[in-house]
Amino acid sequence: MTTKAARLFRRMDGLFAVYKPQGVHWKLIRDTIESNLLKELNSCPPPAPQLAVKFQLLSSGENNGSKDLILSPSMLPSLANHPLVTGPQFHKVHVGVGHRLDAFSSGVLVLGVGKGNYVLEHLCKSHVTRDYTLEGEFGRATDDFSDTTRVIEKTTYDHVTQDKLERVLAMIQGANQKALITYSQMDLRTQEAYELAVKGLLYPHGKSPPILTGLRCIHFNPPHFTLEVQCVNETQKYLRKLIHEVGLELRSSAVCSGVRRTRDGPFKAENALTRQHWTADCIIQAIAHFRKTTRKIRKSGMYRQTDGQLNSSAKIQEQIRSEIGQSDQEHVELTSPTSDRIVDRVAPGTG
Amino acid sequence: MGLDAVVRPSPLQEISEEEAIQIQVPSALPPDSFTLKPYVDQSETLSKLVQLGVNLWELEQRPNVGSMLVRLDFHADVAPKLLFLKDLGVEESKLGTILTKNPFILTESLDNLEARVSYLKTKKFSQESVAVMVSKAPYLLNFSVERLDNRLGFFQKQLGLSAEKTRNVVTRLPKLLCRSLEPIKENLKVCELEFGFRGNEIQHIVTTVPKVLIANKRKLTQIFDFVHNTMDVPHSLIAKFPQVLNAKFLRIKERHLFLEYLGRAQYQPSQPNYISLDRLVFLPDDVFCSDVALATLEDFERFQKTL
Numbered sequence: 571m572t573t574k575a576a577r578l579f580r581r582m583d584g585l586f587a588v589y590k591p592q593g594v595h596w597k598l599i600r601d602t603i604e605s606n607l608l609k610e611l612n613s614c615p616p617p618a619p620q621l622a623v624k625f626q627l628l629s630s631g632e633n634n635g636s637k638d639l640i641l642s643p644s645m646l647p648s649l650a651n652h653p654l655v656t657g658p659q660f661h662k663v664h665v666g667v668g669h670r671l672d673a674f675s676s677g678v679l680v681l682g683v684g685k686g687n688y689v690l691e692h693l694c695k696s697h698v699t700r701d702y703t704l705e706g707e708f709g710r711a712t713d714d715f716s717d718t719t720r721v722i723e724k725t726t727y728d729h730v731t732q733d734k735l736e737r738v739l740a741m742i743q744g745a746n747q748k749a750l751i752t753y754s755q756m757d758l759r760t761q762e763a764y765e766l767a768v769k770g771l772l773y774p775h776g777k778s779p780p781i782l783t784g785l786r787c788i789h790f791n792p793p794h795f796t797l798e799v800q801c802v803n804e805t806q807k808y809l810r811k812l813i814h815e816v817g818l819e820l821r822s823s824a825v826c827s828g829v830r831r832t833r834d835g836p837f838k839a840e841n842a843l844t845r846q847h848w849t850a851d852c853i854i855q856a857i858a859h860f861r862k863t864t865r866k867i868r869k870s871g872m873y874r875q876t877d878g879q880l881n882s883s884a885k886i887q888e889q890i891r892s893e894i895g896q897s898d899q900e901h902v903e904l905t906s907p908t909s910d911r912i913v914d915r916v917a918p919g920t921g
Numbered sequence: 022m023g024l025d026a027v028v029r030p031s032p033l034q035e036i037s038e039e040e041a042i043q044i045q046v047p048s049a050l051p052p053d054s055f056t057l058k059p060y061v062d063q064s065e066t067l068s069k070l071v072q073l074g075v076n077l078w079e080l081e082q083r084p085n086v087g088s089m090l091v092r093l094d095f096h097a098d099v100a101p102k103l104l105f106l107k108d109l110g111v112e113e114s115k116l117g118t119i120l121t122k123n124p125f126i127l128t129e130s131l132d133n134l135e136a137r138v139s140y141l142k143t144k145k146f147s148q149e150s151v152a153v154m155v156s157k158a159p160y161l162l163n164f165s166v167e168r169l170d171n172r173l174g175f176f177q178k179q180l181g182l183s184a185e186k187t188r189n190v191v192t193r194l195p196k197l198l199c200r201s202l203e204p205i206k207e208n209l210k211v212c213e214l215e216f217g218f219r220g221n222e223i224q225h226i227v228t229t230v231p232k233v234l235i236a237n238k239r240k241l242t243q244i245f246d247f248v249h250n251t252m253d254v255p256h257s258l259i260a261k262f263p264q265v266l267n268a269k270f271l272r273i274k275e276r277h278l279f280l281e282y283l284g285r286a287q288y289q290p291s292q293p294n295y296i297s298l299d300r301l302v303f304l305p306d307d308v309f310c311s312d313v314a315l316a317t318l319e320d321f322e323r324f325q326k327t328l
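Line by line, the protein sequences give chains R and G.
Going left to right, the first sequence walks through residues 571 to 921 as our numbering numbers them.
Going left to right, the second sequence walks through residues 22 to 328 as our numbering numbers them.
Check the hints yourself; a few may be wrong.
Stated by the list, open to error - Only part of the chain G face toward chain R is listed, based on derived beta-carbon distances under 8 Å:
| # | residue |
| --- | --- |
| 1 | K58 |
| 2 | D62 |
| 3 | S68 |
| 4 | V71 |
| 5 | V75 |
| 6 | L77 |
| 7 | E149 |
| 8 | V153 |
| 9 | L271 |
| 10 | F303 |
The hints are simulated quantities; they were obtained by calculation from the structure and are not laboratory data.
We put the beta carbon where it would ideally sit given N, CA and C, even for glycine.
Next comes chain G alone, as it looks inside the complex (with noise of 0.2 Å):
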């Protein structure tokens, strides 16, 4: 009975042109949502990162990173870390996995990210070497100075390499100063006492192949019993060749396998018919095939079949 009272105009009734800018159109985004789709085309911010490469279907996913995402502002926030990332060094094309990978480069502030890089270089680190390191481990300069020194200092140490060989083991693999240092130790621990390989081919290993430090325990036992008691290859071989830990272990099998039933599994590098332990691993199936087994892909695939 009150609707009466109010008076509301017609949908079709003329209006001046002053009235009518001063109409408030609401906007039509929604408050919230499951996704960050309705906002991608109304954001500065998230058009750009879409544009760059980012990945915004993963990191919304991830809890709290797409509110975060939809409430930086682009010239307050990302566009001077984006321009640090550029001065660096980093690939263009590269910043949008980066970024994809850890979106909060973009909530650390720029006077931490740049200690932490002029850090790394009094630690002797060349600028292309930080570049690198940024676009494989993008967490990195998330980390405290403390912490990076901690580790560094841990790697010098327990290795007993010397500087440099720290160096290029730490960026060929900078995920070692990302990850904790217990798993690690455990891995040292067990080529140490379990697998029983001296100090100095401790060192090679790492130095060659540095994943080794942080694959799993199991895995490398299974791979290792294989080779050193099933295929009778001695330490200072495997010590050699240190690719072979980091393999698959069906490989190394399938592979020996059919080499003992061909009568061709020589692996002492004085008997003749020699078969070195990378080749074995490394080449591809139809290389490994004609070269190193002398027979066809059929009859592998064949054999396969037999196990």
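Chain R on its own, in the form it takes in the complex (with noise of 0.2 Å):
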């Protein structure tokens, strides 16, 4: 008979998100999950005490008549497994993260329980993109592209104009696609890789530097601006670097007030679980809202590891990203897919 612990570990597989709040190392939050998790299942019932033959001084039966006092064996309960004795049943839950979060950001953080773990390596390679919100704020530069730390110096931006921030945003969307292009080690003069630059299928090979796949600016108040990327390959200390250097651009200078990630591949912000929500129910329940997409990733993982060509993987790889799209169509924040946007931004790029 399985116990009510045994039950629950056993749904305790699988993929879910949080929402990493800022200025909360990523580590506290796998831990604080880590035990929640092991705080529940603990407090299941124990399983029942074991009995044991134990030898007893007990008198003799009525029939003797004498009080004598003889051995005679019963079975009492060991206290040897007692839960105080032998400690809590589990002793620990693998709890893994995804790409991680530094303490600066915030945003949807993918963690793994269990047999998700196997399932989180394919995520990290399967070259799936990520959405960040960027906060940005002209008029200081700092060592660290933060807020947060000490200011290096302090400019002017009165100059600065919504179009010539497009114009810097188109600039460097278009080394990025360059950059796209050559990482992704395909001939553009073949048929094959033009269909899949139209349809917006390109991604880099093996190792690549971070490129950002999507850009553009949502918000424009001055000295305060907000932009919207897609990127893969990141980390969050390019993402502020590249605030950074938009205000360079435009011969001011920038820092970044807030780095916020709204999507992690198929993983985004509405089913991401608040702080209020990191206990052992509601996270089986994330389990089993991602469950599918759990699925997918580790079919399109087994996939690519016995398949090296690239026309299968690029297939699998299209149904990922159909999945993806056609939930993108959903988010409210995006207004037109991905692939539209590399047709519209190669023309101005290299022209």
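Dock chain to chain to rebuild the complex, using the hints, since each chain is given by itself in its own frame.
Right, here's the structure in full:
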């Protein structure tokens, strides 16, 4: 008979997303979630105590009439398996973290529990794009590119207008498109490469520096401005440096006051768990919600390992991308799917 | 070749009752082990401790505590101390947790324990307050009389409180008497110099929330910085509601930003729609959303995901 704790533990297998608050290290979140899961598992009632044969001095039965004490065996509960002696039933739950977020950033953080950790590896290698919202402020430059560290220089920003900003963003995006084509190691003069590029399925093979596949300005209210970025292979420091470089290109300076990840592959912010919901039952519900996406990621990972050819893996990537693309169209912030943006921007970038 | 010289009886040989009684059976207990599990059933001390609720697994992780517990004799060492604690007024349900936190009560001599309790009674602590203090800070009675005296004197002098108020503070947080004094002195200096609280404000804060004295200095500074500089709350209001210094920083930050987004961040008592700091911090999430922010819990969660 399986105990309640064992049944609960078997349900803790899969991926889910958590919304990381700003200022908190990712390791603290991982430890909090692990201790919450362990607390729930260890609060299940322990198994019944085992019985052991013990010899006790009991008085003999009434038929003898005398009060002799004789040794007689009886089954008594043994204290050796008491939970206060053996300790808690579960000591460790394997909780792994997907693409990490540093302490300054906030946003969607993918975590894997139990067997989901194997799928995390496939997710990291599967070239999924990530969506970030970057908040910037003109007028200052700091050594860490964020707004809390030491200020190095102060500049004016009155000359910055929205179309100058758009021009700078277009130039950056053109450079990134060129990098994407170079690192995808595909000759664009072939027909199949052209078709992939039209559909927006080019992605870098092997190791590559951070590449932005999409970039636009959502909000411009000098000195504050907000950019929306889709990128591959990035770190949060690179994105803060991007804001700094935007400021430099506009002949001013800028610091980043917030980096927020709104999407990590197929995991979006709407389904991410906030701090109040980091309990075992909410996590198990979230794992059940993401079961289909987890299965798809695992299957695509298996195909990529067995089949090294470009075409078939491209087909699987296309399948995942189309699902992400369909769900992207429901996403409020994006107005056009990724493929359109690439076709638009190639012309002014190369021109 | 010498084996044939030894005559060994066969195990199926019949022997008389007297010979059977004289056979020595070696004890099945292992001479050493990593856990207390093999000894629990045989040892009276250990089984009685488990029945009291002492967490033996936790205690055997600490170095040398396991061997000390196995060597104790129940009737000579453990029983007198347990009766002493019961006479003091400590509840039986709490005995297990006290012994789990501090097993060295059982090795302290009974005279020392009685001397320390009588010292506390001369300082006019009532019987119930001594019992409460021992259950909250199990290491209290392991400290010598001079050390307790030193600490009580320090608190009375440094905080400038009357004897009655010092007793009240120490009864609510007896850990103050167990810890070292350097971090407490640093916290007091930080309150006075860095935060800029006046003497009587510090006294009021400490009597309302004694935990400020042993709080982490960096976290305290972070909370005070946010409340005073970002939320623009003056010193007098913070001193009036010191619970805010004890709260979690992320909670204060998210709730304040939510109220600011809704336009309801009003912390001055003279203005309309005033929100007191203790209501900001103390209320659970659903009550906060419905009463203070006048919004739904889902709105608050959606807002949290935009921070």
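We went through each hint and held it up to the structure:
no. : hint : result
1   : K58  : holds (5 Å)
2   : D62  : holds (6 Å)
3   : S68  : holds (5 Å)
4   : V71  : holds (5 Å)
5   : V75  : holds (7 Å)
6   : L77  : holds (5 Å)
7   : E149 : violated (29 Å)
8   : V153 : violated (25 Å)
9   : L271 : holds (6 Å)
10  : F303 : violated (16 Å)
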